[in-house]
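**Student:** Read off the chains here:
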Amino acid sequence: MKGLIEHIISEGDLVLRELTRDLKGVQAPYRIDEYRDWLQQNNFKGTVRSYPSYLRNMDKLVTSLDGYDDDFYTLVQECFEQQDFKALPALLDAYEKEMNGWLEWAKTANDPESRPAHFKDLLSAFRNYRRFLEEKAAQAKAGTAATSGCMTAGQKLFMQEEFTDWLQYTGEKQRNSAESIVSRINSLNRHFLCTLIPGKEIDMLALLPKFIAQDREKALQLLEKLESHTNNAANHPETTAIHPVTLRHMRRAFSLYVQFIEEATRECSLPCREADGENNTETAGLPLAEAATTGYEYDQLEKRFYNRLATQDRISHSKTVFYPIRFIKALFERHDKLAGMGLISSGGGNLRWLNRWIDDCIARITVLTEKGDFILADIDWLEIDPQTKKATVLLPDGQKALLLTETHRGGDRPMRASAIDHITIDHTPNIAHVLDDNPNICPLWRN
Amino acid sequence: MRQQARKEDIKLDYDHISQLNKAVFRNVDFDELARLIPQLRRELMLIASKSELKLMESQYNLRKK
Numbered sequence: 325m326k327g328l329i330e331h332i333i334s335e336g337d338l339v340l341r342e343l344t345r346d347l348k349g350v351q352a353p354y355r356i357d358e359y360r361d362w363l364q365q366n367n368f369k370g371t372v373r374s375y376p377s378y379l380r381n382m383d384k385l386v387t388s389l390d391g392y393d394d395d396f397y398t399l400v401q402e403c404f405e406q407q408d409f410k411a412l413p414a415l416l417d418a419y420e421k422e423m424n425g426w427l428e429w430a431k432t433a434n435d436p437e438s439r440p441a442h443f444k445d446l447l448s449a450f451r452n453y454r455r456f457l458e459e460k461a462a463q464a465k466a467g468t469a470a471t472s473g474c475m476t477a478g479q480k481l482f483m484q485e486e487f488t489d490w491l492q493y494t495g496e497k498q499r500n501s502a503e504s505i506v507s508r509i510n511s512l513n514r515h516f517l518c519t520l521i522p523g524k525e526i527d528m529l530a531l532l533p534k535f536i537a538q539d540r541e542k543a544l545q546l547l548e549k550l551e552s553h554t555n556n557a558a559n560h561p562e563t564t565a566i567h568p569v570t571l572r573h574m575r576r577a578f579s580l581y582v583q584f585i586e587e588a589t590r591e592c593s594l595p596c597r598e599a600d601g602e603n604n605t606e607t608a609g610l611p612l613a614e615a616a617t618t619g620y621e622y623d624q625l626e627k628r629f630y631n632r633l634a635t636q637d638r639i640s641h642s643k644t645v646f647y648p649i650r651f652i653k654a655l656f657e658r659h660d661k662l663a664g665m666g667l668i669s670s671g672g673g674n675l676r677w678l679n680r681w682i683d684d685c686i687a688r689i690t691v692l693t694e695k696g697d698f699i700l701a702d703i704d705w706l707e708i709d710p711q712t713k714k715a716t717v718l719l720p721d722g723q724k725a726l727l728l729t730e731t732h733r734g735g736d737r738p739m740r741a742s743a744i745d746h747i748t749i750d751h752t753p754n755i756a757h758v759l760d761d762n763p764n765i766c767p768l769w770r771n
Numbered sequence: 006m007r008q009q010a011r012k013e014d015i016k017l018d019y020d021h022i023s024q025l026n027k028a029v030f031r032n033v034d035f036d037e038l039a040r041l042i043p044q045l046r047r048e049l050m051l052i053a054s055k056s057e058l059k060l061m062e063s064q065y066n067l068r069k070k
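Chains as they are written, first to last, in this note's numbering: chain A, 325 to 771; chain B, 6 to 70.
Please keep in mind that the hints were generated in silico from the structure rather than gathered at the bench. Take the hints with a grain of salt, since some may be wrong.
Claimed, not checked - Footprint (simulated), chain B over chain A, 3 or more residues, beta carbon under 8 Å: (1) 343-352; (2) 375-386; (3) 675-687; (4) 745-758.
Stated by the list, open to error - So the derived list for chain B, only partly shown, Cβ under 10 Å to chain A, looks like this: (5) Lys12; (6) Glu13; (7) Asp14; (8) Ile22; (9) Asn26; (10) Phe30; (11) Phe35; (12) Leu38; (13) Ile42; (14) Leu45; (15) Arg46; (16) Leu60; (17) Glu62; (18) Tyr65.
To be verified - Label pairs and their computed distance ranges (CB to CB): (19) Glu485/A / Met50/B: 27 to 35 Å; (20) Arg572/A / Ala53/B: 35 to 43 Å; (21) Glu459/A / Ala53/B: 46 to 54 Å; (22) Glu37/B / Asp394/A: 17 to 25 Å; (23) Ile521/A / Met50/B: 48 to 56 Å; (24) Glu37/B / Arg380/A: 31 to 39 Å; (25) Thr387/A / Arg7/B: 35 to 43 Å; (26) Ala565/A / Glu37/B: 49 to 57 Å; (27) Leu51/B / Pro561/A: 47 to 55 Å; (28) Asp623/A / Glu57/B: 20 to 28 Å; (29) Asn381/A / Glu37/B: 30 to 38 Å.
Just so it is clear, the structure is predicted and the values come from calculations on it, not from any experiment. Glycine is no exception: its CB is placed at the ideal position from the N, C-alpha and C atoms.
All chains, full assembly: derive it from the sequences and hints.
**Tutor:** This is the structure we're talking about:
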């Protein structure tokens, strides 16, 4: 057992461990946000703040475990990611044993700053957290994270992997909480969305891929409707059995998922189809809101287009080059973080540079209108009427002009769009051609 | 990245890019990656100068591809 002084000396090891975890994408404590929700739901409300805090305190004390070469939370996360729970009980035992060791030491140390009662609290927190992990492991082993019949065994959210990446790369959430956000959405689906149509239990989110394949626009309208029901419930929590704080977290998580689905399905969706007037019987109980004209100021357009440009990787076996923009962003971000901690001698500012580069690209986007060509920076307002499917922009001289689009056969025609997602950003020539045509200036993209 | 894809047996396509990114960060020395940054910045500038961005209706953009 190390003494407290030795422990303080090992602070440098803690920094290194944090960095290693960060680089590996390890969450410590693992699934902490979900654990907080679990505490709320399981009547441990008085400990929602203290237990996670105790776990963090413990994490500073326990830097290594007998018989384990790697960090505790790294190993726990691996068990869950690989769905291999054979090692988990022994790992939890080892951690508990380590904490018991600290408690025994405190009893004999007679140190006023290391009261045994404090270590007993830490141990209680860990035992509670252990219950949570064991419960989650049992659910995962049984192949179901659901308690109701709403979700099928082993079901994942539609585009879950991409969603967690999107959360990390767009900086919406730290890597550590991406998993918790997914868990909150699943929980919201099970306990609330599935029960929205009286007398039926329909797993709305499981139907999402089918809806999107059939008619993306209607699928997005359905998502917005579900979001609106969730907002209403969060504003009137007395109408549901879910704890108000948990419901607010769920609402935020679901809102991020809706935003992601809108963006992620934009580029890969089938060409927009006209609404065929058929009502999907499975969602008939949720009438969709009347479509209204939607307008966007420049800042709103910039934000939407930023997410598109910052996440559109180009990668293919068949091509000699690729454009891994999300990797570049992550690299710049990590470099800045290490530079900020003084662990790299060269300066930071790379992410700021990349953001400025993307903003400049957006400002220079060409906008074709019936009154000539402009750049996006000149446009203060873009408006879409979903009824007529016409898009108009406000020009610098205050006049309105119809937005035009090039067609694949050449020539321009009025843009038809009922939502901003139907307007794409075209690269001419496309990035693959630029990279192919310039082998000398882009050697890195070939490796 | 191609080397990592081969080494870790990761398919080089859009669906596996995040897995590939993680593998690169896990296996490649960060100093080595950090040395690429100045060149990456220069090349991003060149790409921006050689490709025009334009708003386009999605169905034509997809057909073009």
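**Student:** Hint by hint, note whether the structure agrees.
**Tutor:** Structure-based check of each hint:
1. Here's how the segment 343-352 of chain A fares: 3 of its residues keep a CB closer than 8 Å to some CB of chain B, so the rule of at least three is met and the hint holds.
2. Counting residues of the segment 375-386 of chain A whose C-beta lies closer than 8 Å to any C-beta of chain B gives 0; at least three are required, and the coverage claim is violated.
3. Beta-carbon proximity to chain B at under 8 Å applies to 6 residues in the segment 675-687 of chain A; the threshold of 3 is reached and the given coverage holds.
4. Evaluation of the coverage hint for the segment 745-758 of chain A: fulfilled, as 12 residues show C-beta separations to chain B shorter than 8 Å, against a requirement of three.
5. Evaluation of the Lys12/B hint against chain A yields a violated restraint, the C-beta minimum of about 13 Å exceeding 10 Å.
6. Interface hint status for Glu13/B: violated, as the beta-carbon distance to the closest one in chain A is roughly 14 Å, over 10 Å.
7. Nearest Cβ of chain A to the Cβ of Asp14/B: about 13 Å, over the 10 Å cut. The hint is violated.
8. At its closest, the beta carbon of Ile22/B sits 5 Å from a beta carbon of chain A; the interface hint therefore holds under the 10 Å criterion.
9. Taken as an interface hint, Asn26/B checks out: its beta carbon lies about 5 Å from the nearest beta carbon of chain A, inside 10 Å.
10. Annotation: Phe30/B was flagged as interfacial toward chain A, and the flag holds, the nearest CB pair being 6 Å apart, inside 10 Å.
11. Checking Phe35/B against chain A: minimum C-beta separation of about 7 Å stays under 10 Å; hint holds.
12. With a cut of 10 Å, the hint placing Leu38/B at the interface with chain A holds, because the nearest CB-to-CB distance is about 6 Å.
13. Given hint, Ile42/B at the interface with chain A, holds; its Cβ is 6 Å from that chain's nearest Cβ, closer than 10 Å.
14. At about 6 Å, the closest approach between the beta carbon of Leu45/B and any beta carbon in chain A falls short of 10 Å, and the interface hint on this residue holds.
15. With a cut of 10 Å, the hint placing Arg46/B at the interface with chain A holds, because the nearest CB-to-CB distance is about 6 Å.
16. Because the closest C-beta pair between Leu60/B and chain A is about 5 Å apart, less than 10 Å, the hint holds.
17. Taking 10 Å as the C-beta cut-off, the interface hint given for Glu62/B holds, the closest approach to chain A being about 4 Å.
18. Given hint, Tyr65/B at the interface with chain A, holds; its Cβ is 5 Å from that chain's nearest Cβ, closer than 10 Å.
19. Taken as a hint, the range 27 to 35 Å holds for the pair Glu485/A and Met50/B, whose Cβ atoms sit roughly 31 Å apart.
20. A hinted range of 35 to 43 Å for the beta carbons of Arg572/A and Ala53/B is consistent with their spacing of about 41 Å.
21. For the hinted restraint 46 to 54 Å between Glu459/A and Ala53/B, the CB-CB distance of approximately 50 Å keeps it satisfied.
22. Separation of Glu37/B from Asp394/A is about 23 Å and conforms to the stated range, judged on CB atoms against 17 to 25 Å.
23. About 53 Å separates the C-beta atoms of Ile521/A and Met50/B, a value consistent with the hinted range of 48 to 56 Å.
24. Range check, Glu37/B to Arg380/A: Cβ separation about 33 Å, and the 31 to 39 Å hint holds.
25. For the pair Thr387/A and Arg7/B, the beta carbons lie near 37 Å from each other, so the given range of 35 to 43 Å is met.
26. The given range of 49 to 57 Å is respected by Ala565/A and Glu37/B, whose C-beta atoms sit roughly 53 Å from each other.
27. At roughly 54 Å, the beta carbons of Leu51/B and Pro561/A sit within the given window of 47 to 55 Å.
28. The supplied range of 20 to 28 Å is met by Asp623/A and Glu57/B, whose beta-carbon atoms lie about 23 Å from each other.
29. Checked against the hint of 30 to 38 Å, the C-beta distance between Asn381/A and Glu37/B comes to roughly 36 Å, which is consistent with it.
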